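Number of protein chains: 2
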Amino acid sequence: MKLVRLTYGSTIPAMPYFSSDLLWASGMKLADPFFLLEFQNGRRVVFVNGAEYPKVKKTSKENLSVRSLETETGNDDLECVVSFLKKRKIKKIIIPDSSPVLVAKRLTEAKMDVSSRDDVWFPERIIKEKREIEYVTQAQKAAEKALGVAREVLKNSAVDKNGFLFLPVNCKRFPLTAESLRTAMGLVLEEYGHMTPEVLVGFGKDSSDIHAYSYGPITAHQPIVIDVFPYSRRNGYWGDMTRTFFKGKPSLEVQKMYVAVLGAMEIAMQMIRAGVCGSAVYNEVVGFFEKTGYRERYNCKTGKEEGFIHALGHGVGVDIHEWPILCETPARLAEGMVLAVEPGLYYSKAGGVRIEDTVLVRKNGIRNLTSFPKDLDSAIL
Amino acid sequence: MKLVRLTYGSTIPAMPYFSSDLLWASGMKLADPFFLLEFQNGRRVVFVNGAEYPKVKKTSKENLSVRSLETETGNDDLECVVSFLKKRKIKKIIIPDSSPVLVAKRLTEAKMDVSSRDDVWFPERIIKEKREIEYVTQAQKAAEKALGVAREVLKNSAVDKNGFLFLPVNCKRFPLTAESLRTAMGLVLEEYGHMTPEVLVGFGKDSSDIHAYSYGPITAHQPIVIDVFPYSRRNGYWGDMTRTFFKGKPSLEVQKMYVAVLGAMEIAMQMIRAGVCGSAVYNEVVGFFEKTGYRERYNCKTGKEEGFIHALGHGVGVDIHEWPILCETPARLAEGMVLAVEPGLYYSKAGGVRIEDTVLVRKNGIRNLTSFPKDLDSAIL
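Heads up: the protein sequence lines correspond to chains F and B, in order.
With the working numbering applied, the first sequence covers 1 to 381.
With the working numbering applied, the second sequence covers 1 to 381.
I should point out that these hints are in silico values taken from the structure, not numbers from a laboratory.
Any given hint might turn out to be false.
Where chain B lies over chain F, by a calculated footprint (3+ residues, C-beta under 8 Å) [as the list claims (entries may be wrong)]: (1) 14-20; (2) 92-106; (3) 187-197; (4) 260-273.
Straight line, CA to CA, 30 Å or less: simulated BS3-like cross-link-like pairs of lysine-lysine [to be verified]: (5) K374(B) / K55(F); (6) K111(B) / K91(F); (7) K89(B) / K105(B); (8) K61(B) / K161(B); (9) K89(B) / K205(F); (10) K55(F) / K161(B); (11) K2(B) / K141(B); (12) K89(F) / K155(F); (13) K301(F) / K58(B); (14) K61(F) / K349(B); (15) K87(B) / K301(F); (16) K111(F) / K55(F); (17) K349(B) / K172(F); (18) K57(B) / K301(F); (19) K301(F) / K374(B); (20) K205(B) / K87(B); (21) K89(F) / K61(F).
A quick note: this is a predicted structure, and the numbers were derived from the prediction, not measured.
Every residue, glycine too, gets a C-beta built ideally from N, C-alpha and C.
With these hints in hand, go ahead and build the complete structure from the sequences.
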C-alpha cells in the first residue's frame with residue numbers, strides 16, 4: 001500500500017505549531033502552518049495556501065515542488081490535502097509524534113490510515129552541510145559579541161558596600177541588574193541579525209538552577225552564569241554558548257568548581273571526533289567529576305539533585321537542542337555534526353558554573369566554532 | 001467517571017511545544033514542557049520537573065498548586081502524571097487538539113480514556129483583566145516607538161534617480177533597505193523589553209501579499225506596509241499594529257485605496273462595542289468596500305484573490321491571534337475584549353494598504369490602545 005509521510009507546521013518560531021523539521025526540509029519561512037508530503041519514491045511536495053504561493057515558489061529548496069492548496073477541492077487545508085491523496089489512491093499516512101492531535105484526528109475521520117512515530121523525523125538533519133555550519137558559526141559569532149558586551153559592562157561596574165554591582169554614570173550610581181544585562185545582549189544580537197527568546201542570566205545562589213534566570217542587582221564574588229542562544233532571522237539556525245563570570249574573586253570552593261568544569265571541557269574537546277560514542281565522552285566526564293570530588297548527589301534539604309546533573313551536550317541546528325545528545329545513551333559521533341558541549345556543576349550553597357562552546361565534529365577531532373576565552377583568569381572581571 | 005483536563009507544553013515562545021494556554025493558566029515561564037491538570041471541582045495542579053520546582057513555586061498563579069514530578073513514580077514525566085492520576089482513580093482525560101500526538105498516544109497506551117477538543121480551551125482568556133489590558137497597552141507602546149523610528153528614517157531618506165530610497169551619510173549614499181528598517185525596529189522593541197519573531201516590511205508590488213516580507217532598497221511613491229507585533233519578555237503578552245507609509249505621493253489609485261481603508265477603520269471603530277456581533281462589523285466593512293468599488297475578486301492572471309481578503313480583526317493577548325475573530329462567523333463582542341482591527345486592500349498591480357490598531361472593547365464603544373496617526377497626510381513622508 002502506498003505510504004506518504006506528512007509534516008505539518010509553521011516555520012517561524014513563536015508562531016503556532018512551529019516545526020523545525022519543516023523549516024529544515026522546505027527552507028521556507030511561513031507564519032501560517034502548511035504541509036509537506038513525501039512519497040516513497042523520494043518526491044517531496046509542499047502545499048501552501050494560495051496567498052503564500054507566489055512568494056514561496058522563490059525561496060523553496062530545489063528538491064521540492066510547491067503547490068497551492070487552492071488547486072485542490074476541499075473546505076479547508078486538511079480536506080484539500082486529503083482530496084489530493086485520495087486522487088492518488090494513497091490511504092496510509094505517517095506523521096511525527098510532535099504533530100498536533102488535530103491533524104491525526106482529521107485524517108482518521110477522513111478514513112485515512114494514520115500512524116505516528118517519535119524517532120528523529122529527518123535523520124539527515126544531524127549531519128550538517130557546509131552552508132549550515134556557516135549559519136551556526138554566524139550565530140555563534142553573534143553570541144560572542146553579546147557576551148563580549150556583557151563582559152565589558154561587568155568589568156566597568158563597581159561594587160557597593162552591600163556587595164551589589166552598580167555602574168557609575170555622571171556621579172550617579174545605577175544598579176547593574178540581570179535585566180539590563182539581558183537587554184544589552186538582546187540589542188547586540190539584534191544588531192547582528194539574530195534574536196533570542198531569552199538570555200539566561202543567573203547569579204549568586206540562583207545559578208545553582210540549570211536554567212537560572214535572576215532579577216535585580218547582581219552580586220559580587222559569586223557566579224554570574226550567562227547562556228546565550230541566538231536565532232538567525234535570516235536562516236533560522238541557532239548558536240549556543242555559556243560563560244560563567246565573576247566580579248571580584250569568588251570563594252576557593254567556586255574557583256575549584258570552575259577549574260573542574262574547565263577540565264571536563266578539555267576532556268570532552270580532546271575526545272570528540274568522528275567514530276567516538278557520545279556516551280563514552282559523557283561517561284569520561286562523569287568519571288572525571290567523581291574523581292575530583294564532584295559526585296552527583298541528592299540534597300535532602302532542598303530536594304534538588306546537585307553536581308553535574310544534565311547531559312554533556314547536544315546538536316545545534318534549526319533547533320537549539322537537537323540530535324545527538326551526549327548522555328548515557330549511546331550515539332555514534334560523525335563528521336559534520338555540530339555540538340554544543342556544556343559541562344556544569346550546580347550546588348545549592350555555592351551556586352553553579354557552566355561553560356559551553358559549540359563545535360564541529362571532524363574526522364580527527366573538533367573545530368571549535370567559538371573563540372571566546374574561558375580560563376579562570378579571564379572569567380574574573 | 002472522574003474527568004481531568006490536561007494541558008501540556010512549554011511557556012516560552014520558540015521553545016518546543018509552546019502553549020499560550022498554559023502560559024495564560026499558569027503564569028509560569030518555562031523552557032521545558034510541563035503539565036497542568038484541572039479537576040472537575042476546579043482544582044488546578046501544575047507538574048514540573050524537580051530542577052524547576054523551587055523556582056516556579058514563586059511565580060505561579062495564586063489558584064494553582066505546584067508539584068514536583070519527582071514526588072511521583074515513573075520512568076519519565078508522562079508516567080509520573082499517569083501514576084498520580086491512577087492513584088486518584090482517574091482514567092478519563094481530555095486534552096486540547098493542539099497537544100502533540102505523543103501525549104495522546106502515551107496516555108492511551110497507559111490505558112487512559114483520552115479524548116481531544118478543538119474549541120477555545122480557556123474561554124475565560126477572551127475577556128482581559130485590567131492587568132492584561134495594561135500588558136497589551138505596553139506592547140502597543142513599544143510597537144508605536146518602533147514605527148516612530150521607521151517613520152523618521154523614511155522621512156530622512158532621499159530618492160535616487162531609479163526611484164530607490166537612500167540615506168545620505170557623510171557624503172555617501174546608503175541604500176535604505178527593508179532589512180535595515182527591520183533591524184532598526186527590532187532594536188527599539190528590544191530596548192523597550194519586547195521582542196518580535198519578525199517585523200513585516202513589504203513594499204511596492206510585494207505589499208499586495210498579506211504577509212508581505214520584502215528585501216532590498218525600498219521604492220518611492222509606492223506602499224510600504226509595516227506590521228509590528230511585539231512580545232513582552234516580561235509577561236508574554238503581545239501588541240499588534242500596522243501602518244502603510246509612502247515616500248513621496250503614491251498614485252491616485254493607491255491614495256483612493258488608502259482613504260477607503262481608513263474609512264473601513266472608521267466604520268469598525270464606530271461599531272465595535274459590547275453586545276455587537278463581530279460578523280456584523282465585518283459585513284458592514286465588506287459592504288463599504290463593495291460600495292466604494294473594492295469588491296473581492298479573483299485575478300486569473302496571478303491566481304490570487306484581490307481586495308479585502310482577510311478577516312477584519314482578532315483578539316490579542318498571550319497569542320498574537322486569538323479569539324474572537326472578526327469575520328463572517330458570528331462572535332458576540334463583550335466588555336474587556338482586546339481586538340486588533342486591521343482592514344486592508346490588496347491588488348497585484350497597485351500593491352497593498354493595511355492599517356491596524358489594537359483596541360479595548362467597552363460597554364459603549366472602544367478605547368483605542370494605539371495613538372499613532374493614520375491619516376493619509378501623515379502617511380506620506
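Could you grab the alpha-carbon distance between K55(F) and K161(B) and see if it respects the 30 Å cut-off? Holds - the C-alpha atoms of K161(B) and K55(F) are around 28 Å apart, at most 30 Å.
Check whether the Cα positions of K89(B) and K105(B) lie no farther apart than 30 Å. holds, 20 Å
For the pair we were handed, K89(B) and K205(F), check the Cα-Cα distance against 30 Å. violated, 40 Å
Would the hint linking K349(B) and K172(F) be met if the CA-CA limit is 30 Å? Answer violated: K349(B) to K172(F) is near 58 Å, above 30 Å.
Next pair to validate is K89(F) with K61(F); report whether the Cα-Cα distance is within 30 Å. Between K89(F) and K61(F) the Cα gap is close to 27 Å, so the pair holds against 30 Å.
Proposed proximity, K87(B) with K205(B) (alpha carbon, max 30 Å): Not satisfied, since the Cα-Cα distance of roughly 62 Å exceeds 30 Å.
Is the straight-line distance between the alpha-carbon of K2(B) and that of K141(B) 30 Å or less? Not satisfied, since the Cα-Cα distance of roughly 46 Å exceeds 30 Å.
30 Å limit on alpha-carbon distance, applied to hinted pair K61(F) and K349(B): Given pair K61(F), K349(B) holds - Cα atoms ~28 Å apart, limit 30 Å.
Between the alpha carbons of K111(B) and K91(F), is the straight-line distance 30 Å or under? holds, 27 Å
For the segment 187-197 of chain F, does the count of residues with a C-beta closer than 8 Å to a C-beta of chain B reach 3? With 7 residues close enough to chain B, the hint holds.
Verdict on chain B covering the segment 92-106 of chain F, where coverage means 3 or more residues with a C-beta closer than 8 Å: holds (count 11)
Going straight from one Cα to the other, do K111(F) and K55(F) come out at no more than 30 Å? violated, 33 Å
Consistency note: the structure conflicts with the earlier hints numbered 4, 8, 9, 11, 12, 16, 17, 19 and 20.
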